[in-house]
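Trainee: One-letter residues, chain by chain:
There are 2 protein chains.
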Amino acid sequence: MNLYAVLLCGGKGERFWPKSRSNLPKQFVTLFGGKSLLEMTSERIKELCPVSRQLFVAHQRFAKLLIRELKAKQKNLILEPARKDTAPAIGLSAVILSRRDPEAIMVVLPADHIITPKRKFLSAVKVAAVLAQKGYLVTFGVVPTRADTGYGYIQYGEEVYRQGKICGYRVLEFKEKPDLKTAEQYLKSGNYLWNSGMFVWRVDMILEAFHRYMPQFYQSLLSFSQTLGSQREKMAIKRLYQKAPAISIDYGVMEKAENVCVVRAPFIWDDVGGWLALARHFPQDQNGNVVKGLWFGKNTKDCICYADQGVLATLGITGLVIVRSGDAVMVAEKNALSQLKDLLTEIAQDRQGRKFL
Amino acid sequence: MNLYAVLLCGGKGERFWPKSRSNLPKQFVTLFGGKSLLEMTSERIKELCPVSRQLFVAHQRFAKLLIRELKAKQKNLILEPARKDTAPAIGLSAVILSRRDPEAIMVVLPADHIITPKRKFLSAVKVAAVLAQKGYLVTFGVVPTRADTGYGYIQYGEEVYRQGKICGYRVLEFKEKPDLKTAEQYLKSGNYLWNSGMFVWRVDMILEAFHRYMPQFYQSLLSFSQTLGSQREKMAIKRLYQKAPAISIDYGVMEKAENVCVVRAPFIWDDVGGWLALARHFPQDQNGNVVKGLWFGKNTKDCICYADQGVLATLGITGLVIVRSGDAVMVAEKNALSQLKDLLTEIAQDRQGRKFL
Numbered sequence: 302m303n304l305y306a307v308l309l310c311g312g313k314g315e316r317f318w319p320k321s322r323s324n325l326p327k328q329f330v331t332l333f334g335g336k337s338l339l340e341m342t343s344e345r346i347k348e349l350c351p352v353s354r355q356l357f358v359a360h361q362r363f364a365k366l367l368i369r370e371l372k373a374k375q376k377n378l379i380l381e382p383a384r385k386d387t388a389p390a391i392g393l394s395a396v397i398l399s400r401r402d403p404e405a406i407m408v409v410l411p412a413d414h415i416i417t418p419k420r421k422f423l424s425a426v427k428v429a430a431v432l433a434q435k436g437y438l439v440t441f442g443v444v445p446t447r448a449d450t451g452y453g454y455i456q457y458g459e460e461v462y463r464q465g466k467i468c469g470y471r472v473l474e475f476k477e478k479p480d481l482k483t484a485e486q487y488l489k490s491g492n493y494l495w496n497s498g499m500f501v502w503r504v505d506m507i508l509e510a511f512h513r514y515m516p517q518f519y520q521s522l523l524s525f526s527q528t529l530g531s532q533r534e535k536m537a538i539k540r541l542y543q544k545a546p547a548i549s550i551d552y553g554v555m556e557k558a559e560n561v562c563v564v565r566a567p568f569i570w571d572d573v574g575g576w577l578a579l580a581r582h583f584p585q586d587q588n589g590n591v592v593k594g595l596w597f598g599k600n601t602k603d604c605i606c607y608a609d610q611g612v613l614a615t616l617g618i619t620g621l622v623i624v625r626s627g628d629a630v631m632v633a634e635k636n637a638l639s640q641l642k643d644l645l646t647e648i649a650q651d652r653q654g655r656k657f658l
Numbered sequence: 302m303n304l305y306a307v308l309l310c311g312g313k314g315e316r317f318w319p320k321s322r323s324n325l326p327k328q329f330v331t332l333f334g335g336k337s338l339l340e341m342t343s344e345r346i347k348e349l350c351p352v353s354r355q356l357f358v359a360h361q362r363f364a365k366l367l368i369r370e371l372k373a374k375q376k377n378l379i380l381e382p383a384r385k386d387t388a389p390a391i392g393l394s395a396v397i398l399s400r401r402d403p404e405a406i407m408v409v410l411p412a413d414h415i416i417t418p419k420r421k422f423l424s425a426v427k428v429a430a431v432l433a434q435k436g437y438l439v440t441f442g443v444v445p446t447r448a449d450t451g452y453g454y455i456q457y458g459e460e461v462y463r464q465g466k467i468c469g470y471r472v473l474e475f476k477e478k479p480d481l482k483t484a485e486q487y488l489k490s491g492n493y494l495w496n497s498g499m500f501v502w503r504v505d506m507i508l509e510a511f512h513r514y515m516p517q518f519y520q521s522l523l524s525f526s527q528t529l530g531s532q533r534e535k536m537a538i539k540r541l542y543q544k545a546p547a548i549s550i551d552y553g554v555m556e557k558a559e560n561v562c563v564v565r566a567p568f569i570w571d572d573v574g575g576w577l578a579l580a581r582h583f584p585q586d587q588n589g590n591v592v593k594g595l596w597f598g599k600n601t602k603d604c605i606c607y608a609d610q611g612v613l614a615t616l617g618i619t620g621l622v623i624v625r626s627g628d629a630v631m632v633a634e635k636n637a638l639s640q641l642k643d644l645l646t647e648i649a650q651d652r653q654g655r656k657f658l
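Heads up: the protein sequence lines correspond to chains A and B, in order. Taken in order, the first sequence gives residues 302 to 658; the numbers are from my numbering. Taken in order, the second sequence gives residues 302 to 658; the numbers are from my numbering.
It cannot be assumed that every hint is accurate.
[Claimed, not checked] In silico lysine-lysine, PhoX-like type, Cα no more than 25 Å apart, as pairs:
no.: 1; chain 1: A; residue 1: K602; chain 2: B; residue 2: K557
no.: 2; chain 1: A; residue 1: K599; chain 2: B; residue 2: K313
no.: 3; chain 1: B; residue 1: K374; chain 2: A; residue 2: K642
no.: 4; chain 1: B; residue 1: K478; chain 2: B; residue 2: K593
no.: 5; chain 1: A; residue 1: K593; chain 2: B; residue 2: K376
no.: 6; chain 1: B; residue 1: K656; chain 2: A; residue 2: K635
no.: 7; chain 1: A; residue 1: K593; chain 2: B; residue 2: K478
no.: 8; chain 1: A; residue 1: K489; chain 2: A; residue 2: K347
no.: 9; chain 1: A; residue 1: K599; chain 2: B; residue 2: K476
no.: 10; chain 1: B; residue 1: K635; chain 2: A; residue 2: K313
no.: 11; chain 1: B; residue 1: K478; chain 2: A; residue 2: K642
no.: 12; chain 1: B; residue 1: K656; chain 2: A; residue 2: K599
no.: 13; chain 1: B; residue 1: K642; chain 2: A; residue 2: K602
no.: 14; chain 1: A; residue 1: K656; chain 2: B; residue 2: K635
no.: 15; chain 1: B; residue 1: K557; chain 2: A; residue 2: K599
no.: 16; chain 1: A; residue 1: K599; chain 2: B; residue 2: K539
no.: 17; chain 1: B; residue 1: K557; chain 2: A; residue 2: K635
no.: 18; chain 1: B; residue 1: K313; chain 2: A; residue 2: K602
[What the hints assert, rightly or not] Quick look at which bits of chain A chain B covers, simulated, 3 or more residues with Cβ under 8 Å:
no.: 19; segment: 376-385
no.: 20; segment: 527-537
[Stated by the list, open to error] A short list of chain A residues far from chain B (calculated; beta carbon distances all over 12 Å):
no.: 21; residue: E370
no.: 22; residue: C606
no.: 23; residue: R625
To be clear, the hints were calculated from the coordinates, so they are not data collected in a lab. This one's a predicted model, so the numbers in the text were calculated from it and none came from an experiment. No residue lacks a Cβ here, since even glycine has one placed at the ideal position from N, Cα and C.
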């Protein structure tokens, strides 16, 4: 099977401000163990897709960063001239990949997730690849551990394929982020999974789906594909992205498609949605504090203290997230972190503040 | 009258960490309006004691800083080879000053207080100088506004001298920092004042007092005075400080002396004891926040946000003091600031932490 990994590097990663910045989104940041999430993603799939068969889809401003950090070659890069959602990124990758290898199977991986253990992940990808080979559009679903309202859900039906303990099921319906009550019902009912945003499919099948469910964009893709390898290619990508709708692959294709399977993830998955995720991946001290960097504290409980340089000192505080990164310091009550985006919007509107984003 | 100002620059200023550091104590730091507390103190007394009649007593490590920041001349500096308390600093100054002008009147001023308005301060110094001329050891007492347990108190008796509204009283007793109950009694009784640590006296009278109440140290001072102006002077200061007791002038002399007066301060006095003092000297926003530097916040109340560079962002917090200065960040609940000293001790014991003090 001709497996290729397509690593989506489009995330803005605002939720890790001030460690992540607009010129260094979450996936490029070394939050965990000295490696960026992108490096970790690339290494995780390497055994099935060596780097020569990995494509990095990113905004063009990150080209140098990708070449420097990942030793990516120019031919591994798919550079977007504008920030659209996942549907355009995947459509563009599919067209490019299909020219290179019409029998390619695409493994689409967001570059900013944490997945362990690698072995189980690779086994699941193999199962998904078998299903993809059969013509299915395959997604990975994560068994929910709580009634989380921050994820989309997948309702699944009968088993389609099994390899050992790893199962693929027919997808009945994609559900958008639910309210708490609905999320609780999903959790209880047992046949709902979190939509992880990872996909496996044959390149011809996903293009066929674009044809059917996003016909206008598909026509643009076809026109673009005429220019591939020519001098007009760069201009054509610009035109493609000017017209491309900013929608997700879930919304544009998956929710409408019929030949969709979900592989129930046998691995631990974390989309590392923000600072609180650190608490899930770093040990806590006896007072429930998670610390990275040089920290001294008295009467400090349940805090996340992160300093990528200098020293952090805390006195008499509880339940705060404190981050010092470069020229910025953030202090937030844990539950208030959900408002970080609003605060960044405010900072963006300020002439002096803008340079810290 | 031959008035000379002796500015005590010995404060460690730990309570303004991390803005103040061991190599830049509080008095040298520009916390208020672009001038250091020391500069403000020097300017405040200038009309009565021009800079040529100001002596700066400081640890020798601050010689360059004093010369650079205050344009102090070498002959204005009295450099201590070790950190002892105020009694040695004042004894040394008195001996040096008495050689220069045996009729000198010393105005002893800690270099890290805020006093306003200047006019009232100068009037009070003039009254104190009259009393000093008569032979009294004069201190300034501040009318207590609360039962503060952080100050020493002065119990005063009958009026000795008055000029307009400014009065000098005979001191009955110096009281060490009281417990809350005692402080409340002092406040209620009406004849107690806060000990401000500022003094005015004739140089011969304070030396006489050293002779009587600290006879051993007085003998050392006499031996030292023999070396003044000679090449042996520097070594002699070292010896003097090796033997000098680390005690305050209050404890060593004032509490025992009999000819002590207190001038009731007609001015507003603040010894700027720590970060909370900022709230008394900077305007608050409508949520009770005091802000210095570039700050963005949502749901932030009653906080002190201080950043001398970069940006500070806060979310959903109340009653905290956040300071970012140079390579250090401090986040403290307001009431917990009293433990800052303990925390700094901990940091001092850490090999990595030490360099941030």
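Trainee: Output the numbers, in ascending order, of every earlier hint that fails for this structure.
Mentor: As far as the earlier hints go, 1, 3, 4, 5, 6, 7, 8, 9, 10, 11, 14, 15, 16, 17, 18, 19, 20, 22 and 23 are violated by this structure, in ascending order.
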